[in-house]
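Colleague: Each residue of the sequence shown is one higher than the one before, counting from 9 in the numbering used here.
No wet-lab data here; the hints were simulated from the structure.
Warning: the hint list may mix true and false statements.
What follows is a list of derived Cβ distance ranges for each label pair [to be verified]:
| id | residue 1 | residue 2 | range |
| --- | --- | --- | --- |
| 1 | 88 | 243 | 18 to 26 Å |
| 2 | 208 | 248 | 29 to 37 Å |
| 3 | 139 | 103 | 16 to 24 Å |
| 4 | 207 | 92 | 19 to 27 Å |
| 5 | 53 | 180 | 30 to 38 Å |
| 6 | 181 | 73 | 35 to 43 Å |
| 7 | 168 | 74 | 36 to 44 Å |
Quick list of in silico lysine to aspartate or glutamate cross-link-like pairs, EDC-like style, CA-CA up to 16 Å [unchecked claim]:
| id | residue 1 | residue 2 |
| --- | --- | --- |
| 8 | 36 | 127 |
| 9 | 178 | 226 |
| 10 | 80 | 91 |
| 11 | 168 | 91 |
| 12 | 206 | 226 |
| 13 | 257 | 143 |
The model shown is predicted, which means the values in this text are computed figures rather than measured ones.
From the three backbone atoms N, C-alpha and C, an ideal C-beta is built for every residue, glycine too.
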Amino acid sequence: MNRFVAPFIIFVAILPISAQDKKKPTPKNEPRVIFTLPLGAAPGKTAKLIIRGSNLDSATAVNILDSKGSAKILSKGKAAVPDKNPDKVGDTQIEIELKLNDQLSGDIVALVVVTPTGETKPHPVLIGPAIPEKEPNDGFRTAQTIVLPVAIDGGISRPKDVDIFRFDGKKGHKLSVEVLASRYGSPLDAILTLYDVKGEQLASNDDFDKSHRDAKIEFALPADGTYYLSLIDAHDSGSALHVYRLVVK
Numbered sequence: 009m010n011r012f013v014a015p016f017i018i019f020v021a022i023l024p025i026s027a028q029d030k031k032k033p034t035p036k037n038e039p040r041v042i043f044t045l046p047l048g049a050a051p052g053k054t055a056k057l058i059i060r061g062s063n064l065d066s067a068t069a070v071n072i073l074d075s076k077g078s079a080k081i082l083s084k085g086k087a088a089v090p091d092k093n094p095d096k097v098g099d100t101q102i103e104i105e106l107k108l109n110d111q112l113s114g115d116i117v118a119l120v121v122v123t124p125t126g127e128t129k130p131h132p133v134l135i136g137p138a139i140p141e142k143e144p145n146d147g148f149r150t151a152q153t154i155v156l157p158v159a160i161d162g163g164i165s166r167p168k169d170v171d172i173f174r175f176d177g178k179k180g181h182k183l184s185v186e187v188l189a190s191r192y193g194s195p196l197d198a199i200l201t202l203y204d205v206k207g208e209q210l211a212s213n214d215d216f217d218k219s220h221r222d223a224k225i226e227f228a229l230p231a232d233g234t235y236y237l238s239l240i241d242a243h244d245s246g247s248a249l250h251v252y253r254l255v256v257k
């Protein structure tokens with residue numbers, strides 16, 4: 009008799025666990041946000057944003073946490089994967105109309121995508137105005153002129169692409185240049201280089217922090233004059249998804 013009772017007890021014990029497992033979405037079905045294009049938006053203005061990730065094509069809503077804004081879904085669906093690596097850049101996307109509240113404090117807001125299989129983890133969106141990068145700007149002669157301080161939303165749009173920015177500086181000015189990209193999900197692995205007006209390299213950086221692949225330069229300018237900033241991908245990669253925000257002060 010015992011040999012029949014024991015298997016029955018084991019079966020009853022396992023049954024609730026199995027039923028519970030079926031209710032949970034498997035990791036393959038869980039929605040995930042990887043990054044947004046662009047990486048940020050300005051307070052008080054309406055902007056279009058593309059959210060890239062996994063299992064986002066069934067999204068029912070996009071929420072901005074802490075009531076710091078609102079989002080309206082314009083479209084959703086499958087998305088092309090330029091480097092054939094969906095885990096890195098996602099294979100689904102949502103286009104939203106984002107409106108951030110006026111006078112937001114802090115550097116980021118967080119959004120959450122709601123789907124029938126669950127919600128994504130909160131994903132950061134940068135706060136603040138930025139000017140667009142303008143092509144062609146792949147050489148000193150065609151460098152995009154900027155006035156400091158400034159934030160620039162751009163991208164390394166193709167393999168071996170180079171973005172160069174020109175600005176005037178004063179002797180002794182403590183220049184600070186930072187790429188915001190990898191830490192917010194962009195596939196870009198940035199290298200920053202600073203040149204003087206003669207094309208001599210003054211400073212360069214790749215991966216200033218072990219937790220991400222973003223670049224940063226802090227440098228005291230040696231003289232009054234014109235300077236150039238160069239931004240490239242460390243592996244000469246590039247696509248419409250290799251976005252960044254460049255902050256120059």
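Colleague: Against each hint, give a clear statement of whether it holds in the structure.
Modeller: These are the hints, each one checked on the structure:
1. 88 - 243: 18 to 26 Å: Holds - the Cβ-Cβ distance for residue 88 and residue 243, about 20 Å, lies within 18 to 26 Å.
2. 208 - 248: 29 to 37 Å: holds (33 Å)
3. 139 - 103: 16 to 24 Å: holds (22 Å)
4. 207 - 92: 19 to 27 Å: The hint (19 to 27 Å, Cβ to Cβ) is violated, given that residue 207 and residue 92 are roughly 37 Å apart.
5. 53 - 180: 30 to 38 Å: holds (36 Å)
6. 181 - 73: 35 to 43 Å: holds (38 Å)
7. 168 - 74: 36 to 44 Å: holds (41 Å)
8. 36 - 127: holds (14 Å)
9. 178 - 226: holds (15 Å)
10. 80 - 91: The hint is violated at about 29 Å.
11. 168 - 91: holds (15 Å)
12. 206 - 226: Not OK: residue 206 and residue 226 at ~20 Å, beyond 16 Å, violated.
13. 257 - 143: violated (22 Å)
Checked against the numbered hints above, the structure violates hints 4, 10, 12 and 13; every other hint is satisfied.
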